[in-house]
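Participant: As you go down the protein sequences, you meet chains A and B in turn. Per my numbering, the first sequence starts with residue 988, numbered consecutively. Per my numbering, the second sequence starts with residue 196, numbered consecutively.
It is possible that part of the hints are untrue.
Claimed, not checked - Pulled from the structure, derived: some chain B residues nowhere near chain A, Cβ distances all over 12 Å:
(1) LEU223
(2) ALA226
(3) TRP236
(4) VAL268
Claimed, not checked - Partner residues aside, some chain A positions facing chain B, computed with beta carbon under 10 Å:
(5) THR1047
(6) LEU1077
(7) GLU1081
(8) LEU1083
(9) THR1092
(10) PRO1094
(11) VAL1099
(12) LEU1144
(13) PHE1281
(14) GLY1285
To be verified - A few chain A residues that face chain B, going by a derived Cβ cut-off under 10 Å, partial list only:
(15) ALA1041
(16) GLU1073
(17) ASP1248
(18) LEU1272
(19) LEU1275
(20) GLU1294
Rather than coming from a laboratory, the hints here were simulated on the basis of the structure. Being a predicted model, the structure only gives us computed values, none of them experimental. Ideal Cβ placement from N, Cα and C applies to all residues, glycine included.
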Amino acid sequence: MTDDPVGGGNNMGDEPPAHGLGAHDIAIEQAELSRNGGPQRAILAVALIGLVIAVAIGVTTLSSNSAAGGATPEEAVTGALDALAEEDMLGAAEMLLPTERRTLTDPSFQMVTELQRLGVLDASFDPAAVAGIDLEFADVELDVEQVTEDLAIVRLLGGQTSAAFEPTEFPFGPLVLDRISATEIGDATRDVSDIEPTDDGIAVVRRDGRWYISAWYTVAETARRDAGLPLPNPADALVARGEATAEAAVEEMIRSLLAVDLQRVIELLPPDEAEALHAYSPLFLESLAEAEKFARDGLESNDVRIELTRLDLSSTGIDSGRLVAIDAIGVEVESPVVNGRFDVGDGQFHATIVSPDGFGRVELSYVDGCFRTVFTEPNQPEQVEEFCEDDAQDAIDEFVGFGELPDFDIFTSTPRLGILTVEFDGLWYVSPLGTMVSAQVETVAAIDAVKLEELIDWMIEVGEGTEF
Amino acid sequence: MIPHAIAGRRLHFAVTATTAAIAATLLLPWAASGRRARSGWELATTAARLDVTQSLLGRVALAAFFFIPAGAVAVFIAHILRSRLLMQVTALATIAVSASGAVIVLRSPLSDRWGVWVNLVVCAVDMTLVLALSRTGSQIEERHD
């Protein structure tokens, strides 16, 4: 068993006289082996038991990690309030429904990073412990209404809240503090108020035996109660149904919207982000079907036809999923009143609107930085208007009183905008909330910090020089 | 001069003790969220609960973190068995997992606490000892040849 020519007995004896390697080393080994054979076996047995225990602790901890949330609905809410009072965002996140954490927490961290880069927030800004803000809750009384086995409403009946803001401690970045001092931002405030009991409460849902706060169930349950509707039957709920690829999900979403198939649109929403919407769908499926029928009948009776003539999509992977860009899209609309054709793609835009009765024709286009409109009326010469981006810049430059203008293009690159798709169990879904958030984050991420500073300085200069 | 058998034995003991110390540093405060400080073990538990890692590599690394104490015990067993190879492999794995965890915490938006730095220092010391052990072993093998 021993592969060590050095030896490694755990019995640290006295040092023998120093001399070279070889016979003496081997002698030490043999002596120790014969001397410690029995005790060593006992120590090894204990160590092996220790190893089994250590592995068991690791496995147990790993497998019991679903134990976030609270043991009861009340515990989930008090846990979240305690965490907020300690500004412990990790603790608060543990009380959130796991399927909602991704949509609610991830974008915040991304935006903080970008705001730090631009200097709006200081590099020391810690989203897990925001300096200058202090929340406290005292004597909070809760009322728990068990709605179903897995859903409860927790209402705040009483207690006090205290919220304080200290501008001088808040980690504003240099973009703010180089232009305005923290004391100018405002005075330190502390608002203490009593919690007023309300009918609306916080929805807390049970998953795998633990209770979690849910923002979307709170919205859905509040809406259900306000509408005086019964609880939805889970058996009738819509089930998320994704597509095989990110591009396919977006294409299906666009085609479903154009075909006024709203049920399919809802099915294409992610099972986490739209969990509550899917669960409460039985309450509005009938109305939805009526609305779809009304819209389709309206289109049909008015002889309106909408057709997707072109759709080019491409996608890039980002942290939260795949961002699907619409590289080109073409839509054709035919009706007795007006016919239209719209094409966007390859940096160009073309639209043609024609009156089928021969009253005229309008063409709009954007090609190579120039907008062009062509009006054609019967028995009239064509009216052509053209306006290019360079002309716009000249017009702005001639604007009286503001001197030399800064570069209004504050972007280092074109923001990566697109429709965010997310994957669950090998299928792709369209995330509306994620799309909005990613558009904000990507836009901010494309801003050049220096150009932004120059623009703000120019605006301040103009503001100071303007008398109202 | 100390015979190499004794020197190697001391190195074995030092690696065993230092790897055990790595496991112990998991109980020190590594980072704080708000006013709540968490130990390395608590942080790993919270990270697993919050499902912060999506990639397979991240999940494996996080799971491995919970077996750092087992790694320390495995190094002790290697010490008893006088298995230099087993000791080096288990000690290196323990160091890699622990140090990776510490670096991830330092790069995260959380405020780091002194425990995470102690962990990194102990990892560095253990790494040095493992390298020294390897070097000592190689020298002896060369001389035996």
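Participant: Are the hints correct? Go through all of them and say.
Facilitator: Status of the hints after comparison with the structure:
Non-interface call for LEU223 of chain B relative to chain A: holds, since the shortest CB-CB distance, roughly 17 Å, exceeds 12 Å. For ALA226 of chain B, the requirement that its beta carbon stay farther than 12 Å from each beta carbon of chain A is not met, with the minimum near 8 Å. Consistency note on TRP236 of chain B: stated as away from chain A, yet its beta-carbon is not over 12 Å from all of that chain's, at 8 Å minimum. Interface exclusion of VAL268 of chain B from chain A breaks down, the closest Cβ pair being 4 Å apart, not more than 12 Å.
At about 9 Å, the closest approach between the beta carbon of THR1047 of chain A and any beta carbon in chain B falls short of 10 Å, and the interface hint on this residue holds. Because the closest C-beta pair between LEU1077 of chain A and chain B is about 4 Å apart, less than 10 Å, the hint holds. Interface hint at GLU1081 of chain A: satisfied, since its Cβ lies 6 Å from the closest Cβ of chain B, which is below the 10 Å cut-off. The beta carbon of LEU1083 of chain A is positioned within 10 Å of a beta carbon in chain B (closest approach about 9 Å), and the interface hint is therefore held.
Interface hint status for THR1092 of chain A: upheld, as the beta-carbon distance to the closest one in chain B is roughly 8 Å, under 10 Å. This hint is violated: PRO1094 of chain A has a C-beta 13 Å from the nearest C-beta of chain B, more than the 10 Å allowed. With a least beta-carbon distance of about 7 Å to chain B, the hint placing VAL1099 of chain A at the interface is held under the 10 Å criterion. Annotation: LEU1144 of chain A was flagged as interfacial toward chain B, and the flag is violated, the nearest CB pair being 26 Å apart, outside 10 Å.
Below 10 Å, beta-carbon pairs count as interface contacts, and PHE1281 of chain A has none with chain B, the closest being about 42 Å; its hint is therefore violated. Contact between GLY1285 of chain A and chain B, as hinted, is not supported at the beta carbon level, the nearest pair being about 44 Å apart and thus beyond 10 Å. Hint status for ALA1041 of chain A relative to chain B: holds, with the closest Cβ pair at about 4 Å, below 10 Å. At a threshold of 10 Å, the smallest CB-CB gap from GLU1073 of chain A to chain B is about 5 Å, leaving the interface hint in force.
Taking 10 Å as the C-beta cut-off, the interface hint given for ASP1248 of chain A is violated, the closest approach to chain B being about 31 Å. Of the supplied interface hints, the one on LEU1272 of chain A is violated, with its beta-carbon coming no nearer than about 31 Å to a beta-carbon of chain B, more than 10 Å. A distance limit of 10 Å between C-beta atoms decides the matter here; for LEU1275 of chain A the minimum to chain B is near 32 Å, and the interface restraint is violated. Below 10 Å, beta-carbon pairs count as interface contacts, and GLU1294 of chain A has none with chain B, the closest being about 39 Å; its hint is therefore violated.
Hint violations for this structure: numbers 2, 3, 4, 10, 12, 13, 14, 17, 18, 19, 20, all remaining hints satisfied.
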